[in-house]
Amino acid sequence: MSDTTSEWIVSPSPHAHSGDTVPKIMGTVIVALLPALVAGVVFFGWNAVRLTAICVVSCVASEYVVRRIMRRDPGINDLSAVVTGILLALNLPPTLPGWMAVVGSLCAIVIAKQLYGGIGYNLFNPALVGRCVLLVSFPVAMTTWAVPNFAHIPPVDATTMATPLGAWKTAWSAGQAPSAFQDTFPLRALLIGNRPGCLGETSTIALLLGGIVLLWRRCITWHIPVAFIGSVAVFAAILQQTDPARNLPVSYHVFSGGIFLGALFMATDMVTTPVTSRGMLLFGAGCGVITMIIRKWGGYPEGVSFSILIMNALTPLINRFTRPHVFGHAVKEKTA
Amino acid sequence: MDLLIQTLIIGGTGLACAAILAVAARFLAVHEDPRVETVSAMLPGINCGTCGFAGCAEYAKDVVLHGAAADLCKPGGSETAARIAAFMGVEVSESERQVAIVLCKGDNTAAKRTVGYNGLLDCGAAQQVGGNGKACRYGCLGLASCARACPVGAIEIRDGLATIHPGLCISCGKCVVTCPRRLIRMVPESRSLHVLCSSLDRGPEVRKVCSVGCIACTLCAKAVNGQGIAMRNNLAVVDYTVPLTEESIIAKCPQHTIEKRPGTKGEAA
Amino acid sequence: MKTLRALFNPRGGIHPAYHKEATDSTRVEVMPVPKTLYVALNQHLGAPSRPVVKKGDTVLRGQPLAESAGYVSSWVHAPTSGIIKAVESRLTAGGQLATVVEIEANGADQAIESPAPATDWRVMQTRELVDLILQAGVIGMGGAGFPTQVKLLPPPGKTIETLVINGAECEPYLTADHRLMVEESARISQGIQIVQRILGATKVRVAIEDNKPEAIAAMESALKMAEGDIQLVVVKTKYPQGAEKQLIYSCTRREVPSGGLPMDVGALVENVGTAAAISDAVFLRRPLTERVLTVTGDAVANPKNVLARVGTSFRDLIGFCGGLRGPVGKVICGGPMMGVAQSSLDVGMNKTTSGLLLLSRSQVHQYTSTPCIGCGRCVQACPSSLLPCFLSENLEAENFEEAERLNVLDCIECGACAFECPAHRPLVQHMRQGKAKVIQLRRQRETKASRKEKAT
Amino acid sequence: MEYILLIISAVLVNNFVLTQFLGICPFLGVSKDLATAGGMGAAVIFVMTLASAVTWSLQAFVLAPLQAEYLQTIAFILVIATFVQFVELVLKKTSPGLHKALGIYLPLITTNCAVLGVAVLNIKKAHTCLQSMTFGFGAALGFALALILFTGLREKIARSNPPRCFRGTAIALVTAGLLSLAFMGFAGLVKM
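Chains as they are written, first to last, in the numbering used here: chain F, 648 to 983; chain B, 140 to 408; chain H, 37 to 492; chain D, 70 to 261.
Read the hints as simulated data drawn from the structure, not as lab findings.
Small disclaimer: the values here were computed from a predicted structure and weren't measured.
Cβ atoms here follow ideal geometry from the backbone N, Cα and C, with glycine treated the same way.
Please note: incorrect hints may appear among the correct ones.
With beta-carbon atoms standing in for the labels, derived distance ranges [what the hints assert, rightly or not]: (1) 404/H x 791/F: 39 to 49 Å; (2) 298/B x 718/F: 17 to 27 Å; (3) 380/B x 236/H: 13 to 23 Å.
Straight-line Cα separation of at most 20 Å, PhoX-like style, residue types lysine-lysine; simulated pairs [unchecked claim]: (4) 473/H x 484/H; (5) 200/B x 161/D; (6) 313/B x 484/H; (7) 484/H x 213/B; (8) 361/B x 347/B.
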């Protein structure tokens, strides 16, 4: 692209730049993920550290090896493999065995990303592809949830416990009223995070903190998180009106499961989501609706991962059909 | 017994369907001239567009329906033109095959460089910022736009200079249009003596920027006393309509700009 | 005369570091006439002017060197008295080869005697006024260099209702227009009145960015007594506020139609420098042979605003400003956003050169070809609301039909997208390539279509 | 209500292409450009809906009374071929551009396992005539949706830069696999 051996260089305009680079953006995302990671370690202890370490190391190592096999420049210095590793770890249950995490990382980096040619070319969010592959191939291991430290009502001896959504799914089919459900999982527990669930999805406050960092550093815009969480809340409210006895209240739907982790970090992955603001709103709303459909009628208790993957598949079409109105064109239509 | 039933069932369904299709085919008939098919089969099918049409199929349709000339297909050359002419019953004049050549010899070793270049590796893009730092304003930028434009990959960039293999060239002329500095020319295939420079600078400037550029010393023009090589604003320009066989000019040229490039047909004049 | 804040803010735009503090408060210094001058004949848009002098002639200051070679063309005058050393094709500041007149100054700087202004300009016919401006070789000094006399004679049926005077100067580093407004506001306001009278414009909007308080104050006092609907519009500082279409939108909320001209919405934009040059042409009958420009950047010893003769070489300009300080990373004629990088210092400045920027090695930003990560910052930055990321991907894959559908021809090449791109992709170069190719393909389609009609 | 469930199950839950992996060759062949994909989707919807109706009636009134169910496949193929030929004639007349763009994949609908699959499934699931029509329409809609979705992805892949051995159809198959992984989210959506 350039040789700067001689005295000075000639290049096309513009000659000034904002100074931002891809590694800097990925660095900011890692910083934004730290609160959720710390919350994970607080509630799930050593497991959190173990899993995150395994995921990050295997992601970076597999990226380096695959790019070396493909005889491409080792792309690990843009930190995107580290981000994928952390995101994957945050989406896994704390008690997941190590080798499964490695399998998930390999799928994420090799199949979902490097096979397309590395950063910028992948169609699906690598971390989510890794998680869904694990969810589909090891359903039991992926749905045994550890009891968090400082849990609200620790069950007497059991080492595992159902997540709020999981418990609700079984309770709902057995016809239990939602009120009995709320005492085992008070809203406060959902906010702070001392409830069973994936490593990074439990503490809503930590995730919000990370989200604010991302918004401030312009790594994401407000469109996707607001549209995602908004559509989940609206859908839950409609369900609540139609049949209060057999539907969770809106706050439970919004603060439980992977909504905040998905909306702030997974659905806002730059490469696989639409570019225009209208496109992002449509993307967020689509994710919210599909999540609620899967939660209400689907087979899996949590639909965030699948909904984001499906909307990733729709992104090229969304980009094509939500193009902003170009300066000077509206007038042309009228006069032409 | 059931053998009869089987044939009846299948036969009956087949007959019913055939009846429906026969009726439909009558209403939806579309007429197409068969000759277009045969003519487009004769064309090479590269869709290079030098005949001025959007592709071989388009050119074939025009030859058959609107009587376009039969020898417009350059890559096909004279054989294709002859075959189409014979098929369509028209005559066509015999023309010698043309081959592309880059009129510049300044590779990285010969041509000096003033500044670095950082931007799109494309000749057109570099030309918009005044070249890629190569001192000579007329020389080949070596960023391979012509190589990418060549449908048969006949152009290779060696040490920063584009060189065309005459044997591979299908004379479609795409490189001629692509080069932003207009260095590529179509020359008759049999010619072998070429002045490989396009610089219009005066001698002293050329010497400052390139060691093999034409410094307009006019020795070659005098040697053939104006038959085939003429001096036009500080540059020796070969006139390809006049045969040129005087090989002594290669030695006479102080800058070795003149070179003998064997055409594909060996030593023809 | 009213001063008001701009009511409308055009879409997109970026906020680069403006670096104007180095030269925005220093007075303009007049540069002595240099030894040799290189006057290019393709300084303006349209046909390059035809030389009327040849090697060896002696010329006086203000004597025409080349006449206008067509309707869209302009005159070029000798910036000083001296001998013509050469009239030949050379490298120019715009990066192409064009005829350049090399003059060796004889130090006398003797001006040609210009006819005294006989009548008061208010009485003269518009046609006469426009001829005066053409004879003075006045062209747009904002950077494009469109011959002014063509702009001042809109085709019949198109009336100019609003005249917008561009004092925005949104390019970082440059303060030439700013100092011109502070020190020459009288000449500018006279120029505005002349243009208003020629066009018969009922409204005048003088647009200045809010980071130039001194200029606002100076222009306010100069325009105080001017009657009619004149407003000084203080526009929000952002890049590219000074672009023609964006400025018209900020002042009048009208969008110039795609592929159309400002006159299609009854507007016309003139740079403050052009207004000053017009008043010189009409009042003093003086041709445009000098202009104010900013020589700045980390690599120059003491940055200044310089009033220099057209044709002064960059080497002399740098010498006048104390020479270089440390290794030069890049030499740019114009501002950092739309300026043209230079490969040699022996090139003369043009009438449209608003600045000479010398970036040090560390300040130079490198383009790379890392793939686009779809972050969407270029989409937010684009003032024409295009999709630079998809345009650049399609143009890299040479898919020109898709680029045409994505409206590549509406790109104003302001550089905001490439400024924001974290992957450092050469987006503007893709756009330029794309626009040239799409226009070429369109012309081919038209010739083919016309040939088809002839054939059938 | 029951018909809507039938359509949802055919489109989302057991989508013919992404879950039951039927009709993969036109899915890969025609997904290069959105216009042709739309044309192909419309053609398949037309053929599948009508074919499932005719095949059902053929089965009910001809094959069943004469106990000749084993002739099912041949008879169905004949009917489907007729519809496809009819569509080809119509397309050649109305939009030759689309006809040329679809090329070989239009007649290929006859051998498309999704079309025949619908006809056979209708019989196996003992649908009534109206049910088989809606199931056929739902299946075709699912095919068209998956095809258009996949065309959008293919256009993005066209600009990606996979290793040499994965260029072209290989990367398309990988993407189809990931797409069906995403559609697994709808598993168990409707208690069929």
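Each hint, compared with the structure:
1. 404/H x 791/F: 39 to 49 Å: About 46 Å separates the Cβ atoms of residue 404/H and residue 791/F, which means 39 to 49 Å holds.
2. 298/B x 718/F: 17 to 27 Å: 24 Å, holds
3. 380/B x 236/H: 13 to 23 Å: 60 Å, violated
4. 473/H x 484/H: Answer holds: residue 473/H to residue 484/H is near 16 Å, not above 20 Å.
5. 200/B x 161/D: Roughly 18 Å separates the two Cα atoms, so the pair holds.
6. 313/B x 484/H: Roughly 18 Å between the alpha carbons, so the hint for residue 313/B and residue 484/H holds.
7. 484/H x 213/B: 19 Å, holds
8. 361/B x 347/B: 25 Å, violated
When each numbered hint is compared with the structure, violations occur for hints 3 and 8.
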